[in-house]
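**Student:** What follows is the residue order along each chain.
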Amino acid sequence: MKRFLFSVAVMFLGLVVLALPVQAELSKEGLHVMEGQPVAPDFALKNLDGEIQRLSDFKGKVVIVNFWATWCPPCRAEMPSMQRAWNEIQDKGVVMLAVHVGGNEDKIWSFVGDYDLDFPVLIDPKSKVADAWPMKGLPSTFVIDPEGRIVYRAIGAREWDDPAILNSIYALKP
Amino acid sequence: MSFKAIFLRVAFLFSALVLTSASASSQETGLDGPGVFRWQGDGLRLETAALVHDQVRGFFIGRGFDAKGVDVLVNEACLFRSAIGNASTDPAAPDITIDQSEWRIFVNGGERELRTRSDWDPVWDRLNVGIEQRVAFKWALFPPEQQFKPTDYNWGMLTFGLPPGTRFDLEVVWHEGDHKRSKRFEGMECAKQ
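Going down the list, the sequences are from chains A and B. 63 is the number that this note's numbering gives to position 63 of the first sequence; each next residue is one higher, with no gaps. Every number in this note's numbering is 1000 more than the matching position in the second sequence, counting from 1.
Note that these hints are calculated values from the structure, not bench results. What you are looking at is a predicted structure, and each value in this text was computed from that prediction instead of being measured. Please note that a few of the clues may not be correct.
[Claimed, not checked] Computed list of lysine-lysine pairs in BS3-like fashion (alpha-carbon distance at most 25 Å, straight line):
| hint | chain 1 | residue 1 | chain 2 | residue 2 |
| --- | --- | --- | --- | --- |
| 1 | A | K46 | A | K107 |
| 2 | B | K1068 | B | K1138 |
| 3 | A | K126 | A | K107 |
| 4 | A | K59 | A | K128 |
| 5 | A | K136 | A | K46 |
| 6 | B | K1068 | A | K126 |
| 7 | B | K1183 | A | K136 |
| 8 | A | K92 | A | K59 |
| 9 | B | K1138 | A | K128 |
| 10 | B | K1138 | A | K46 |
| 11 | A | K126 | A | K46 |
| 12 | A | K61 | A | K128 |
| 13 | B | K1138 | A | K107 |
| 14 | A | K46 | A | K61 |
| 15 | A | K107 | B | K1068 |
| 16 | A | K173 | A | K59 |
| 17 | A | K136 | B | K1180 |
| 18 | A | K128 | A | K107 |
| 19 | B | K1138 | A | K126 |
| 20 | A | K92 | A | K173 |
| 21 | A | K136 | A | K107 |
| 22 | A | K136 | B | K1138 |
| 23 | A | K46 | A | K128 |
| 24 | A | K46 | A | K59 |
Start from the sequences, fold in the hints, and give me the full structure.
**Tutor:** Here you go:
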C-alpha cells in the first residue's frame, strides 16, 4: 500500500507542476506569417501504429504540423480544439500531424485515449525532427502550403477551430 | 468504495482546487500570491514561481530521471516555472524578443547569469543521463532565446543554478521592437529543503 501511495503521490505532484505554470490560454488570434517562408524540413516518423509517415507524402496538400508533449501544459490545453479543427478539416483536404517530442509510447497512447484524439500522432523520440525545425519551445505549430513551404507559425496554444484560423488555412488550398 | 478510489478522488479534488486558485489570480502585476511573480508591461507578460522540491521530483521522475539526476536538480537547479510572452493581441504591435544571456541574477552582492539548456549538458554527461530524459529536460526548460509575435508565449522552467533557499533579485531584459526594456524582480527565493 505504501508503494502505491508513493506512486500516486509522485504522479500527482508531477501533474500539479505541469498544471500550475500556465493559465490555460487559447488564443483565437495569432497565425503569424513565417518570415522567408522556408521549405519545411522533411521527416519520416513512426505513428502510433508503428507505420512510417513522411511529410513529403502530403505534398500538394495544406499540412498543419504541431509539436507537442504530453507533459506540456499549453499543449494539453489546445488538444481539444485541435481535435475539433480536425473534425472540420479532414474532409476538406487539409492534413494535421501532431509530432510528439520525446518517446514513451505508453503515455502517448494513454493521452490520446483520454483526450479522444483521432488525428495522426507521430513520435520524434530523440527530438531530431524538432531540432531541425525553426522552433524553440512547445507547443509550436506550423502551417505548410501545398508547395511545402512554411507559411504560418504559432508559438503557444491556440484555439484551432476558430473560424478565422481555419479560414486562413483554407485560403492556402490550391 | 475502495481506499484506492477514495484516494484518487481526493487527489482529483485537490488538483481541481489548485487549478482554480491558480487561474483566479491573473492579470495582476508584481508579486501575486505566495511566491508567484506576475508582471505585464512594455509589451511583455511574465509569470514565474519557484517549484518546490516534491514538484521537481514528481515531474522529473515521471520523465524517467533516476534519483541521482533528480537530486542534482533539487540541490543545484533552483527551478522556477514560467510563462512568458507578448502581452499584445494587436497584430501591429512590435515583436518581443528575449535572450536569457542578457538576464542577470543578483545574489550575495554579486551578479551572475542564468543556467540555460546547454549549461546542463556536461552535468547529464557526467551522470550518464539517457537521451529520453535529456529530450524531456531540454523541452521542459524555457527557450534561452525566443521571438514572440503578438499573442505568442512559451511555457517552461527557468534554472537559476543556486542552492535551495537562496534569496536573489532577477533582472529580466527584453526587446520591444527596437527598444531595450528591463524589469528587476526583487526578493525571489529558491525553494527550501
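**Student:** State for each hint whether it applies.
**Tutor:** Hint check results:
1. A:K46 x A:K107: holds, 16 Å
2. B:K1068 x B:K1138: Measuring from Cα to Cα gives roughly 18 Å; hence the hint holds.
3. A:K126 x A:K107: holds, 16 Å
4. A:K59 x A:K128: Answer holds: K59 of chain A to K128 of chain A is near 21 Å, not above 25 Å.
5. A:K136 x A:K46: holds, 22 Å
6. B:K1068 x A:K126: holds, 22 Å
7. B:K1183 x A:K136: holds, 23 Å
8. A:K92 x A:K59: holds, 15 Å
9. B:K1138 x A:K128: holds, 12 Å
10. B:K1138 x A:K46: Judged against 25 Å, a Cα distance of about 22 Å means the pair holds.
11. A:K126 x A:K46: Holds, because 12 Å separates the two Cα atoms, which is no more than 25 Å.
12. A:K61 x A:K128: holds, 24 Å
13. B:K1138 x A:K107: Measuring from Cα to Cα gives roughly 19 Å; hence the hint holds.
14. A:K46 x A:K61: Holds: K46 of chain A and K61 of chain A sit about 20 Å apart, inside 25 Å.
15. A:K107 x B:K1068: Holds, because 23 Å separates the two Cα atoms, which is no more than 25 Å.
16. A:K173 x A:K59: With Cα atoms ~12 Å apart, K173 of chain A and K59 of chain A stay inside 25 Å; holds.
17. A:K136 x B:K1180: With a Cα-Cα distance of about 22 Å, the restraint between K136 of chain A and K1180 of chain B holds, given a limit of 25 Å.
18. A:K128 x A:K107: holds, 20 Å
19. B:K1138 x A:K126: Holds, at roughly 11 Å.
20. A:K92 x A:K173: holds, 9 Å
21. A:K136 x A:K107: holds, 23 Å
22. A:K136 x B:K1138: holds, 10 Å
23. A:K46 x A:K128: holds, 13 Å
24. A:K46 x A:K59: holds, 18 Å
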